[in-house]
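Engineer: One letter stands for each residue in the lines below.
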Amino acid sequence: MTIPRLEIRRLTHRLPSGGRLLTILDAIDLSIGAGESVAILGPSGSGKSTLLALMAGLDRPTEGEVLLDGEPIHNLSEDRLAILRRRNVGFVFQNFQLLTNQTARENILLPLELASDEAAGTRADELLDQVGLADRGHHYPVQLSGGEQQRVALARAFATRPRILLADEPTGNLDGATGERVLELLADLQRQEGTTVVLVTHDASVAELTDRAVHLRDGRVERDEVVAGGDRVGYQRQVVAG
Amino acid sequence: MTLGIFLRHLRRESRGSRGRLVFFVACLAAGVASVVAVAGFSEGLDRGIRSEAKTLLAADLAVRGRQPIPVGVEAAIDKIAGAERTGVREMLTLVAAGQAPEEADNQHPSRSLLVELKGIDGRYPFYGELELEPSTDLDVLLNDRSAVVAPEVLTRLGLGVGDEMRIGGESFEIRGVVKREPDRITGAMSLGPRVLVSAAGLDRANLEQLGSRVNYRTLVRLPAERDGDIDTIVAELAGLLETDGRHRIETYTEAQPALRKGLRRVSSYLGLAALLSLLIGGLGVAQTVRAWLAGRMDSIAVLKCLGYRPREILWLYLGQTAVLGSIGSLVGVGLGIGLQMSITRLLAGALPVEHLEMWQPWSWSRGLILGVGVALLASLPPLVAAMRVPPIRVLRRDADPMPPSRLAVSGVGLALLSSLIGLATWQAGSFVVGLLFTGGLIVVAMVLGLAALGLARVATRPRERSRLWLRHGLAALDRPGASTVAGIVALGLGVLALLTMFLVEYGLSAELARDLPKDAPTAFLVDIQKDQWPGVETLLRDEQADQIESVPMVMARITAIDGRQASELRQEIEAEVETRRPGRDNREAWALRREQRLTYLDELPADNQLIAGELWGQPDVAEISVEEEFAGELGVVLGSVVTLDIQGVELDLTVTSLRKVDWGSFGINFFLVVEPGVLDDAPQTRVAAARLPEGREQQVQDRLASNFPNVTMIRTREVLEKVAAMLTQLALGVRLLGGLTVLAGLTILAGAVSAGSIRRGAEVALLKTLGMTRRQVMASFATEYALVGLVAGLIGTVGGAVLAYFVLTQGMDVTWENRPWWLVGSVAATVVLAVSSGLAASVGALRKRPIEVLRSVTG
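Chains A and B are the protein sequences, given in the same order.
Start counting the first sequence at 22; every next residue gets the next number (the numbering used here).
Start counting the second sequence at 4; every next residue gets the next number (the numbering used here).
Derived from the structure by calculation, the hints contain no laboratory data.
Warning: the hint list may mix true and false statements.
Partial chain B-side listing against chain A, Cβ under 7 Å, derived [what the hints assert, rightly or not]:
1. Ile8
2. Phe9
3. Arg15
4. Ser302
5. Arg312
6. Pro394
7. Ile395
8. Leu398
Which chain B residues face chain A? A few, computed with CB under 8 Å, are given here [claimed, not checked]:
9. Arg18
10. Gly310
11. Tyr311
12. Pro313
13. Thr657
Small disclaimer: the values here were computed from a predicted structure and weren't measured.
Don't be surprised by glycine CBs; every beta carbon is placed ideally from N, CA and C.
Could you build all of it, start to finish, from the sequences and the hints given here?
Structural biologist: Below, the structure written as structure tokens:
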């Protein structure tokens, strides 16, 4: 049996709020294969961002397990989690989260340097070229448009060829056309690198572009379905070894 | 992560924060500048004082005694590479005008004069200036047939340069006039004017005979590189001396007790001031780093997402702090040098040092090390807090920080504590002081913290009927994330430090100013015969002298104490001293050996204070009053019986009182004062002191010489003027440095308060969006800051006053004066400072339209 890239077992997360515990996620089970692209959908407060955070080891679950390639990550120390993230996880955020005091190229270089990639410079230039910003590498985020910033964020997220890429509302702060362009890019990169993508969105049209849509409501999986038109823009279920 | 990558990230991460960190550099630079200026100034002053002390001794060390200095000691001195030695012999003798007796007119004997004769063998002086006329070297003027004399000798004997005079029956040509000798100040009570001859000349005069009282001195100049070894050298030489105390070794380090006391006060104050200014700088740094990191939280969360480990985050920002700390410290060193230069220029000519050494790499490195150290220490707590920024913040900005690691908290606590003790010990030069300082600081910080918590609790009790702005202002003290505790602790400590410094500085300057002997006598008259006094007094009054004081003086020797012979006591003391401080001088035994000058008085002069017993209260015994320190040296207490030998007559006197004498008054004072009536008929002379109008000294001296030739006048105006000028300038210097530190501290405190306020832009915007008017927002903020200021001001002021009280009264022996209005002023100033800087920092946010701020916060 193939080990899923990411497996979530009985994942529960509670947060204190106003003197009592609020259940954000309630015993969720989820299994995501290598190279799969999954959209997590749900209204505000359904727990989708929390689920994303737990998958990346950004937060610790109250109960349950998170396994990356069969290895539990929910009980790793902060240091081990940091090292795990630097090698295996890429992020794309709604508000881009580029380091404002670093140029576009430096933002892309950062994870490569952290992973001690000897060809960091070449790889960064290559990625800048791929996202169509070869001539903007020396610009600071504030000098770039929202779409351009998100393209830099994409390049940064794919830089270390992570096993899994987590995207939180990647088009949430972009206009329709720009958002579409960013999604196309994301699809291209995913195809090239064979990355597993988990994408949180409340936009059903974005979800249509993925292989699979997991609907959350009140901290539980309401529906888990294969997206029919998933391969229209290139998202397709494929198994990539390793 | 490799070092190269780390350094690259360090450089990149520093971008964008640079503008904000100008304040960091400024805080630190101000603190370091004070440290460097204070360290440099006190180092320079210290060197100056030491060289001044050398001047007073004319050498690095001197071996002295009533008998020739042992050959072995001189040989040992000659073995010290680079050391120089000069032999000096001094004695009292009569000199006369004119040629040798056979040529003189026996019918009209030439005038004679008691002089202090000094025979010099070698280079003299090693330090200080021998002012001669003609201005040349002493050895040019002196040979075995010539002498150089004080102006009084010429006046009194009616001679001029080129004339002959007789010393010990031999003729000497007067080749010049000695106006000032560096080491003559030490013996303010001299018995006659100076005559200098060469060693060969002194031998020719053949005055050194059996029983003659000669003071032998060997002056030694050590090579500069051996300066630090002086104690070892002294111990070595003392080992060669007989233990009978016939010879003593003096070093420049023990010169002038009164002067040294004053200077010790000043340098201990300066050390304290530097320590406190450093602390204030540290507070500023801590506040800045906190505010800086608050702005970097999002970046830190992103870095963590990208795989930065918590400790790498710590190193990244610690590295930046170190870089900024170095920049701030370097700027501070530069400023400090400038400050030191301007102080020196300002005080030019008035300091006891003619040239304050500017090249002081030690002070500079001290500033650098302390600056970077304090920067790192102060930023450690906020930096460790930064390690706790949760990576999930990238998704949820309000995420709680990660739980603190117990190891990290205790590690930081331990690092802070030990470094603080270390730095304080280094600055204060004493582990005990360092420990006390740190302990005091912790106690005060805890009191401030508790008070802040109390305030937050009390102030936020619901008061529904009070005004909206007041309610809001009070509530703000206890809102989640409020920096009430941190603000009150920082501000309170700052106030404490500043007030302490201010009070200490003021108390000290006042004391220094008080020390100025404004009414001190400018002339001393000795050897006045009892029946001459009325005439001398009239003469002084004619010359408009005021504050004329005169007392009888009787020479005596202590022969026994409580029935035990002085010789026996002496041996006992010497044996004890030998075991306690092998090889050092034994003052106690010396007190028993030398001839004592004593007086008898009805009432004590104003500069004497009775500290034990009663003055002349026992009609049935002959009473004596002893100066307290001298009593300690003699080992006498109330009731002890001191036996005195007054020119062959033995007299038993009972100690019935002990006195404290303010030697700084420069008045006529005695260790031993006897009850009137007891010594009335003893052989005696009178000494007098008077303040002469400026410029009249010469005339008074001439008139005395012609009417009372046996009376010797010693002028002290020069000495007094020198001491007075020095004390005034020291007070000014202390005030200047203190003032600068206070100024720097105020700027830093204002910044510290406003650093917290910058973060409140969003709050202003929100309140305005909800409909509060700008005036209401300001009133609400003012309420909050006023309360913070009030609590910090109250505790800081009380703490500062208590600390200053102890520093002044215990540490520096200065009288404490209550100044309640100053304390009220300090509290009021803190409130005003807190409110004004808090509001000033909110002005920007108040002016902006709410939407601008809200967009930038949420976007």
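Engineer: Indicate, hint by hint, whether the structure satisfies it.
Structural biologist: Evaluated hints:
Look at Ile8 of chain B: its Cβ gets to within about 5 Å of chain A, closer than 7 Å, so that hint holds up. A cut of 7 Å between beta carbons decides the hint on Phe9 of chain B: the least distance to chain A is about 9 Å, and the hint is violated. The criterion of a C-beta within 7 Å of any C-beta in chain A is met by Arg15 of chain B, whose closest approach is roughly 5 Å, and the hint holds. Checking Ser302 of chain B against chain A by beta carbon gives a least distance of about 6 Å; that is within 7 Å, so the hint holds.
Because the closest C-beta pair between Arg312 of chain B and chain A is about 4 Å apart, less than 7 Å, the hint holds. Annotation: Pro394 of chain B was flagged as interfacial toward chain A, and the flag holds, the nearest CB pair being 4 Å apart, inside 7 Å. For Ile395 of chain B, the shortest C-beta to C-beta distance to chain A is roughly 4 Å, which falls under 7 Å, so the interface hint holds. Among the interface hints, the one on Leu398 of chain B holds; its C-beta lies about 5 Å from the nearest C-beta in chain A, closer than the 7 Å criterion.
Hint status for Arg18 of chain B: holds, given a least beta-carbon distance of 4 Å to chain A, under 8 Å. Below 8 Å, beta-carbon pairs count as interface contacts, and Gly310 of chain B has one with chain A at about 2 Å; its hint therefore holds. At about 6 Å, the closest approach between the beta carbon of Tyr311 of chain B and any beta carbon in chain A falls short of 8 Å, and the interface hint on this residue holds. Residue-level restraint check for Pro313 of chain B holds (minimum Cβ-Cβ distance to chain A is 5 Å; threshold 8 Å).
With 8 Å as the threshold, the beta carbon of Thr657 of chain B stays out of range of chain A, its nearest partner Cβ sitting at about 82 Å, so the hint is violated.
Consistency note: the structure conflicts with the earlier hints numbered 2 and 13.
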